[in-house]
Amino acid sequence: MNPKITRRRFIKGVIYSAAAAVPGAGYYVATAASSRPAGAVERLISINVNGRTRRVDVLPQETLTHTLRYRLNLTGTKLACNRGECGACTVMINDVANYSCSVLTQQVKGKQITTVEGLRAADGTLHPVQQAFIEELSPQCGFCTPGQVVSAAALLIANPNPTREEARQGLSGNLCRCGAYDHYLNGVMRAAELIA
Amino acid sequence: MTFMHIGKDFVPPDVEGKVTGDAKYAEDFRREGMVFARLLTSPMPSARIVSIDASAALRMDGVVGIITADDLPPSAPPANPMLASEYVTYIGQPILAIAAISEHIAENALAQINVQFERRDFVVDPLDSLVEGGPDAYPEGNAMVLTAPEGDENTALVGRIQPVKWKAEEIAKFRRGEEPDGDFTAGWEYGELEAEFAQCDVIVEESFVTAGTPHQCMEPRTSMVYWENGKCYFHASTQSQSSVNNGLAAMLGIDPADLCVINENTGGGFGSKGTSYPTMGISGNLSRLLNRPVQLRITREEEFYIGIGRPGMQGWIKTGLKADGTVAAVDLIIVSDGGPTGQNSASSSAGHISVLFQPAAMRLRNIPIFTNTAPRGAQRGPGQNEMAAVLAPIMDKAANQLGMDRVEFRRLNAPNSDSGIYEAQGPVTSAFMAQAIDKGATMFDWQNKVNTPRRRGNKLVGIGVGQGYHGAGGYGYDGLVRIHPDGKIEIHSGVGNLGTYSYASTSRTVAEVLQCDWDNCQITHARTDRHLPHSSVQGGSNTIFTHSRANYAAAMDALTKLKEIAAGEFGGSVDDYSIGDERVFRTDDSTTGMTYAEAAQKAIELGGRYSGAEFPDDINPITQRAVAGIAGTGLVGVAKDNLERKGTPPGQIVGFVEIEIDVDTGKIEVMDYVAVADCGTIMHPQGFSQQMNGGGVWGIGMAAYERHVYDPQNGLPANVGLYQSKLPSMLDVPANMATAAADIPDPFNPMGGRGIGEPSQGCAVAAMTSAIADALDGHLFNRVPVTPDMVVNHLAGNTVNSVPLKLNTF
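Residue numbers (my numbering), protein chains in the order written: chain A, 1 to 196; chain B, 1001 to 1810.
If you're looking for bench data, these hints aren't it; they were derived computationally from the structure. Quantities reported herein were computed from a predicted structural model and do not represent experimental measurements. One or more of the hints may lead you astray.
[What the hints assert, rightly or not] 35 Å max Cα-Cα, derived DSBU-like pairs, lysine-lysine:
1. B:K1231 x B:K1318
2. A:K111 x B:K1726
3. A:K111 x B:K1024
4. B:K1806 x B:K1322
5. B:K1459 x B:K1165
6. B:K1646 x B:K1318
7. B:K1488 x B:K1008
8. B:K1024 x A:K109
9. B:K1318 x B:K1667
Only chain A is shown next, with the shape it has when bound in the complex:
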């Protein structure tokens, strides 16, 4: 968990923006982003996603998942629960895994966001975790896989040589209904070998 983006800070962020979380977690219609009353949150902001600075119109209460999926069309980040239970929306913020459904986009200005689409090298080479997950046939249905990939990549940044138990702890925030846990763990251990 990124210590700078806690659940409390998330909730406070919503309160300060004087808006409730949008029910139904929908898409928004952008209007009058440029003219804002004094004291209101700036809506046209820049965020760094996968090494690129992106200028986006972001509502005060908008979660990072929504910005990524519905404004930047980075649909690899999945929305499965929208309430911080499953980890399908996991992205890295400054190299630390976070649930993007539980982070306000307004809070990540100036930070480096890495989504599953950003893990490949510029020449298209797969990230070692992606390569290992293919070799171990880690995914089943694949819906939780982007989150598992990002969590594993973040784990290996913090701990490039984890034990199987450490890997298990590292990915424990990512649920998989298919129950592909054993294959994901095999994938993490193989990825660590590829990195070494």
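With chain A fixed as given, assemble chain B onto it according to the hints.
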């Protein structure tokens, strides 16, 4: 048999997209002009809809339209309607959908709609309805009296709803764990039940309860639909591909030829997305009504209502063993929680016993009762797996009373290739359960483990064994393969991509028959307009057996045509020709022949049956359309699976587990897990391992975590989030799970394989409950899940078991 491809790992074509984020699911698609729909759902479990006033919502900026039941054909209960008309029968039941230019506006518009309800009495526990004077889930009654035999798990019930009531004293007896006397609406029997019981040395009689469980697919069921030139293009979240077409076309009132189902990936289904479902019909009809692309997303909370669930059971069982340990007789009563849809898996539950313990006589008495809870439908191993959960420790108790080892007891009663199953005692294609048990017991080191002390500090140790079964395959579907003039081999698959990779592993049958390089093959699937053949539902552990047969039939047709074309060119008959290196040549002179590419070019010249311009009469209309779409483009192999048949292909597994129960917290930890399957040849080792392990995780979930709970006061569900019906996380399952197979080919599949996806849960949950009883000195909870509070209360001396058969409220 030595195979080129079968039994070897490969990289299924969709894996890379899953790890890079490129894989697209229904919600990831956009269309110009697309609008967003949201559902207005019932806030109460049972009510009459008096009126709907959506005028204020429709006046809102950005709102583009609405659909209600008035726009749809009528639907008779207990069919789960697309939209409720006069009555709502569960919380979360869709009443209308409203579309707007943003989802936010659509959501706000819902708040402007005024629906007047007239409350009705509701019921969440089937026995509360079955008792005389109890409320009925439908105005017409609480039970379905069938007027036609019940079909498979994906077919609608045919009959009429009417009240069925038992006397209060019979319900009270049942709740106490005794055999009740009441009316049943279904059941079956074989053998001489009383005569067999009379020969028994041990008779065990127990009551039991299994909880209903939500499916909790990671991908909420989104659909995105548009209509173009009179055709409907439907991005769907569905387990199946071709078998969805007819049902969805019927929902939309169109010719299946005018429907293109697009399903590249699906984020889990587990039975809840096997066939077309109501929200598909809502979005498709709304899109046509508005003449705009419509996306309908379902939220996680809505999934708990709309996503259906496994029916719970309240039951009683009496089982008798002879002195030699053979199971002589089983008498079974099941009251099923049908929810508002009446789905009932009791016959499968009884069938599980008939297969794995082979009783000489057996009786099932069953009544499904409607409740105002979530709609019910097939969930992984429907019937069999929940039966496995409660049956294992009951059978252990019987074996223990005879002084028999639990593994030896199961081996003694295990089915073999001559065994009969279910009420008709029909045949199986083959069965080698004893071999699987032997292998598993060795891998697990059963003999040593079963003799270890049952206490380690503050942990109680339990050693368990259990079995899972599911009928794993069908017959009579179509295969379609095309050899292109450039030599590429295209396998057209109507199999859905539900995450098992069976669409790919069964396609390798074609490469096996044609002895070709897998890199020269391409699987075409995922869109109806890519010319896909008729397929079975991707459920019921069905695909491996069913579609390796169908693909074999098509590949053999292509092979015959290759040889006929070569014989036409070079003389002789088809028997004079062989294949190899993607050439067809004279067996006595390999230099005389032609490449597959040249044969395909010749097939186009010849036309007729060689190029698909003509096709067999017995293929399904779906396949006929597919063949017509590719006719003249290559050598076309197409055939219905008319291969030899023999009864049911059984998928069965034995599981072994070691657990530790913390006496202070009641937490159950799985220390070791081994499962060995009898599923014929392993066609795709990594895919096999995935299904075995995944089912193991599901079994642990059913044993210890997952359940529906409803507030009996208001009928409100307590489970509307993943953590409230907790599916196991990585920390709830062992870091390593060992799996293997008897690996004896099934003679009724040319590739030797049978399915295995469902019994992998049944064997795990059975082994878990067996181990729990073992750890607790043989105490039977007779219910799942076994939660920590139950364990702690039991250890504190409080009575915790199935009595009084509370379902949905415990």
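Quick rundown of the hints versus the structure:
no. : hint              : in the structure
1   : B:K1231 x B:K1318 : violated (56 Å)
2   : A:K111 x B:K1726  : holds (33 Å)
3   : A:K111 x B:K1024  : holds (27 Å)
4   : B:K1806 x B:K1322 : holds (33 Å)
5   : B:K1459 x B:K1165 : violated (46 Å)
6   : B:K1646 x B:K1318 : holds (32 Å)
7   : B:K1488 x B:K1008 : holds (21 Å)
8   : B:K1024 x A:K109  : holds (28 Å)
9   : B:K1318 x B:K1667 : holds (31 Å)
Hint compliance for this structure: hints 1 and 5 are broken, all remaining hints hold.
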